[in-house]
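Start from the sequences, fold in the hints, and give me the full structure.
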Amino acid sequence: MFNPILDDFSKTSKSRPLSDVLHIFILLFISKILKIFALFITYNLLKSYHFMLILFLTTLFASICLLFIQKPFSSIRLNKTILFRLIKYTICLTIVRVLWIFGLTLCGPLRTILLFEHSDLVILACFHVLFSSSSDIGVQQQGQTSRIRGAVFFILAVLAIFAFDNDDARQRVLDHPEGHSHHRLFAHVFYRLTSFIGVGDHKGGVILLLIALFIRCAIDSLNKKLIGDVGGPKKFYAITTCLSTACLIPTSFIMLLINNIFPDSIDSSSSTFQTTLLPSTSSSFFGTIVSLFIPLIIISILLFVSDFYIEQIAIVKLERLRTFRYGTFTMIGGALIASFLWIKSATVINNNSIWFNGNIGKFEPEEHALSGGVVFSIVMFIFSTDLLLSPIKQRSGAFIGYSQDGVPLFNLTHQRSQSLLLILRSSLRDILAETDSRRIFYFLCINLMFTFVELLYGAWTNSLGLISDGFHMLFDCTALVVGLYAALMSRWKPTRVFSYGYSRAEVLSGFVNGLFLVVVAFFVFYEAIGRIFEPPEINTNRLLAVSVAGFAVNMIGIFSFSHAHAHAHGGGGGGSCPMSQPSVAKEQHHHDHSHSHSHSHSHSHDGGHDHDHGHSHRSNEKSSHHGHSHSLTGNANMKGVFLHVLADTLGSVGVIISSLLIQYFGWYISDPICSLFISIMIFLSVIPLLKDSAMTLLLQTPSDIQYEILGRIIKIDSVLSYSDEHFWRLSSSTIVGTIHIQISNDGDEQLVTSQVQAILKEAQMQNVAVQVEKQVFFNHLAGLNSALGQLATSERTFLHK
Amino acid sequence: MGKSTSVLTSIFYLVKSSHSRSTIIITITTLLICITVFTMAGQANSMALQAYCSLCIFDLLFIGTALLSAWIMENNNTKVRQKMQNSNNIDNNSINNSTSLFIPTQTITTFSYGTARFEVLAVFTSTMLSILGAFFILKESIEKYLEDEIIHTEYLMLSSILTYIIHMIVIYFVRNQAFDHVIAASSSSWLQEHVSDMFQSVCHYIPGLSRLLLPRINPLALLCWCGLAIVFSDSFLLKMGYGHFVDTLSSLLMAFMTFGTMVPMAIYSGKILLQTTPAPMIGQLDKCLHEASRLDGVLEFRHEHFWALSFGTLVGSLHVRCRRDADEQLVLAHVWNKLANVVQILTIHVFKDDWLRRQTHTFMQPQTGNPVLSNNPSTYNGFVVVT
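Here the protein sequences come in this chain order: Z and Y. Its first residue numbered 1, the first sequence is counted upward by one per residue in the UniProt record's numbering. Its first residue numbered 1, the second sequence is counted upward by one per residue in the UniProt record's numbering.
Hints are computed from structural coordinates only; laboratory data are not their basis. The model shown is predicted, which means the values in this text are computed figures rather than measured ones. Incorrect hints may have been included.
Simulated restraints on C-beta separations [said to hold, decoys possible]: (1) T478(Z) - D286(Y): 35 to 41 Å; (2) L130(Z) - I267(Y): 48 to 54 Å; (3) I556(Z) - S201(Y): 52 to 58 Å.
The C-beta atom is built at its ideal place from N, Cα and C for all residues, glycine as well.
Okay, structure coming up:
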C-alpha cells in the first residue's frame, strides 16, 4: 500500500539546478497565490449564495474549459470496468468537493487552506509513521525520528486549530440562537449533527475538512492505476471534472428549488459584496446572476484549471516532493498574508455597515480572525510539511542484519500487517488453552463489558461520576492485561537470548502488578490525606448502585481466582515457608470453603508436581515436605492479579460503606477515612507478594533447599569438597542449580556427576549443571595460562590437601 | 527480620561515614521539598504540576538506589577483606580449617550470587514505579478533565522551579553507579532521539554549537528540562485563559515523556531480571563457543545458559558432550579457558554417552547398593542426562 509513496521518497537523486527551473517555481508560486485569491473570493460569494450552487457553477465552468483544452472524450475507448471505476472515483470526488466547500463556509479560507491544501504524500507519510513504525522493533532509521516528529507536529497543528482557536466564540453567539440563520436545510441538518456531538460549527467544519482530506488522499492513492488506464492525469482530471458536474446537476437543482421556495434563504447574512442587492432578491435575480458569473468564472479557472495544469508541469519539471513542498509553503504563507490584508479591508467596510442583527450591540468582530491557535498551527504545519516531505535517505526495503535464527532480515513493514487476524486468532487459542490465562481472560471480558456499560450509561445520563469510574475500571483492566500477557508469554519456547524460556515473565509481572498496587495505594492515600482536611460534598445518588455492581463483578473475579490461588496455597498445609505465611492468614477468610476441596481439584500444572511428591514420599518423608512447601509460593502472576481484584473489591466495599454513612448520617469525613484504610490494607496485602517475587528475582536460594542435600553430596565416594553452589528458583515451578565438585584424582567424574544429579533431582531441581574438578584440571589451567574466574576457592581445596 | 535490621544498621553506617554525608543532606532536603511540592500541587489542582512533581518521588527512589549500590560496594569490599583474612587463616592452620569449610551452615547463603542483583532490582523498581505513576497520572488527568475544576496558577511557577532545582541537584550530585550504567547502556529514549536529531539539524546551521549540543544528553536531565518548559507554557496558557484542556494536554505530554524516558531503562534492567543474555555479548559469546566447539574431544554443547547477573557480570552454565575416550579434565580445562574470559561465573558440565556401559563391570557392585540409580535407570539410556 505504501509502495508508491516510498518510491516517491526515494526518487530524489536527480534534482535539477535551481536556475533551470526558476521559471517553473515562479509559475507555481503565482498560481498558488492566485488560488488563494480565488479561495477568498469564493468565501465571499458563499456568504450570499448557496454553496451547492457555487460548487455546481464552478465545476461547470471548469469542465467547459477543460473540455475545450483537453477534449477528453475524443480519443478514448472506455470499457465497462474502467467506466465503473471512473464513476466510483467521481462520486467520491464530488463528496470531497461538497465537504470541502461546506467546510469553507464554516471555517473560512485561511483554515481551509491550512487543513485541506496538503499533498497526499504528507498524509500518507503521516499514516505510515503512525501505524507501521511501531511494529519494526530495533530498526533505527535515520529519517524515522524526524518523520515521527513531523507526524506529531501535524497532529498538534490540527489539534491547535480544533481546540485552541477562539474562532468558535463568534459562531456560538451568532449562529446558534436557533432559527435565525439556519434556514438552509443542509446547514440545519449539519448543525443538528454537530450539536449532538457537542462541538461548535467551526469545529464541525474542521472535522469535515479533515474527512475530505483523508478521502481525497485515499481515493487518489488507490486510483493511481486508473489514471494510467484512462490515459494520463490531465485527461483523467478532465473526465472526472465533467462527470462530477453531471453528478452535481440533480442536487443543485433540488437546492435551487428549495431556495426558490424559501426566497429569503438565498441571503441570510449580509456581506460586503452583496449589500446593495440584498433587499430585492426576486426582482433583480438576473442581475445577481450576472454579477455572480464573472467572479465565478475567475474562481473556476483559478481553482480548478490553472492550478492543476501548473502543478502538473511542476511535477514533471521539478520532482514531486519539491513541488508539493514549495506549493504547500506558498499556500500557507500566502494565506496568512492574505487573511491579514483581508481582515483589515473587511474591518474598514464593516465599520461602515453595522451588522443587521443589532441586538448584539457591538460591531461584528471579524469572522475567522487570526488567533494564537491558528498562528501556532501554521508554524506546526510548516514544520511538519518540511519534515514529512524531506526525502528518506535509505530505501525502506533495506537489509538490516541477521535475525536470531540467522535469517537475513529485510525491513519490509508492509508485509507484516496482513496477518493481524491470524495473530489474533492464534493468540486467542493460546489464551484459552490453559486455565490461568483463560480465567484471566474471562474476567477481563466481564470487566471490560461492565466498564463499557458504565461508560455508555454515564454518557447517556451525562453523569461525570460514572464516566470517571468507568475510566478507573479501564485503568484496572490494564493490570489484568499485564497478567494475561505474562501468562501467555510464559509458555513461549526458549530462544537464544531467553535461554531459560519465558517462565520468569510471570514472576516479573507479579512484581510489576505488586508495584502497580503500591502506586495505587500511594495515590489513594495522598488523595485521602488531602480530603481529610476539607471533606468534599459527595452526591451519593448513583454511587451506591454503581459500587454494588462493581462489587458484584469483582466478587466473581475473587471467586474464580481464589480457586486457583487457594490451590497454590492450600498445598502448604503446615506452611513451612515463613515468607508467605502472612498472606495465607490474610486471605484465609476469603476462601475458607475452597480450602477444603483444594486437593480434590486437579490442576494441569500442579498435578505433575503432586505426582512427583507421591514418588518421593515413599523414599523420604522429609523431602516430600519440601516438595509441598515448594508449591506453596504458587504463581506470582496469578497472585498479583488476584490481589488486584481484591484491592478493587476492597475499594467497592469502602465506597459502599462510606456512601451509606454519608447518606444516613451525613458524615462526609467517612469517605477519606475509608480510603485511608483501604490504601493501607492494599499496601499491607501486597507486601508478601512483592517480597516473594523480589526474592525470586534476586535469585535467593529457596528456603526449602536443605543443607542436608549438600551433606549427602559430601558423603559421595571420592568427593573432597564442593564450591560455587548456586540454587535459585527460575519460576514458581522450576529450580535451577549449578555446583562445582572437587573430587580426588582416582574418582570417576561421570559416576559422581550422575550421583550428584540424582540427589539434586530429588530436591525438585530440573535444571542442573555439575562441574567436576580434579587436581589435574587446575594443572591444565595453569598450563593454559587461563583465567581462573571464581575458581580460587575451589582450587584452595587442592592446595591444602 | 534480622536481615532487615542488618540492612538498617548498614544504612546507619552509611549515614555516619563522612563520604556520604552530602547524600544524606540531599536526601533530607529532597524529602522536605517533596512534601511541600506535593502539597502545593494538591492546592493548585493542576495535573501537569502533579506530573512534574512526581519527579521528586523519582528522585527519592534514585537516592535509594544510590545508597543501595554504595551499600553493595561496601559489602563487597568487606567480603573481599574477609576472604583475604580467611585465606590467611587457612594458610596458617590449613589442616584444621579445611574441614570447617565443609560445614554447610557456612556455605549456604540466602543469596548465593551475592548482593549485586539488588542494584538491578532497585533500578527496575524505581523506573517501573515512575512508569506506573505516569500511567496513573494519565488516568487521573482524564478524570480531572471530566470534573472540570478550577486551577490555581499561582503555585505552578514556584513548585516547578523547586522541583527542577532538586532534581538537577540529585541527578548531578548524587553518585549513582547503577543508574549511570543503565543510562549509558540502555537504548536512548524517544525524547533523547528527537532532541539529538533536532540538535543535529541546528548544528547543521550553526557548527559552533556542536560541542555543546551533540553529546548524548542525560535522559533524566532532559526530562526535567522538557517538563519545566511544559509547565511554564502551561501556566502561561492558563493565565491567558485557555482553560482546562491545556492542563490536561500538558499533563498527558508529561506522562508520555516520563514513559519514554523510563521505558528503555526499565526494559534494560527487566531483561537482566528475566535471565537473558545481554545483546552486545551475544556476538562475543558465539565466537567463543564456536572456538570451543572445535576443540579436540568436544562433540557438542547443550543447555547453553548465559545470563547477566548484574550490570556487567555474566553467569553461564553449559553442558558439554565429549567423546567417550576423551580426558574429561582436559576438555573441561580447554573449554573453561575459552569461556572464562567472557563469562565471569561459569559452570561446565561435562558428560559422555553410555558411560555406564563401558564401566559397568567395574562399578556394578557399588551401584546395586545405591537406590537412587536403580530407581530410574531410564535416565541414563542414550545421552539424556539432564531433563
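Hints, one by one, checked against the model:
{"no.": "1", "hint": "T478(Z) - D286(Y): 35 to 41 Å", "in the structure": "holds (38 Å)"}
{"no.": "2", "hint": "L130(Z) - I267(Y): 48 to 54 Å", "in the structure": "violated (22 Å)"}
{"no.": "3", "hint": "I556(Z) - S201(Y): 52 to 58 Å", "in the structure": "holds (56 Å)"}
Hint 2 from the list above is the single one not met by this structure.
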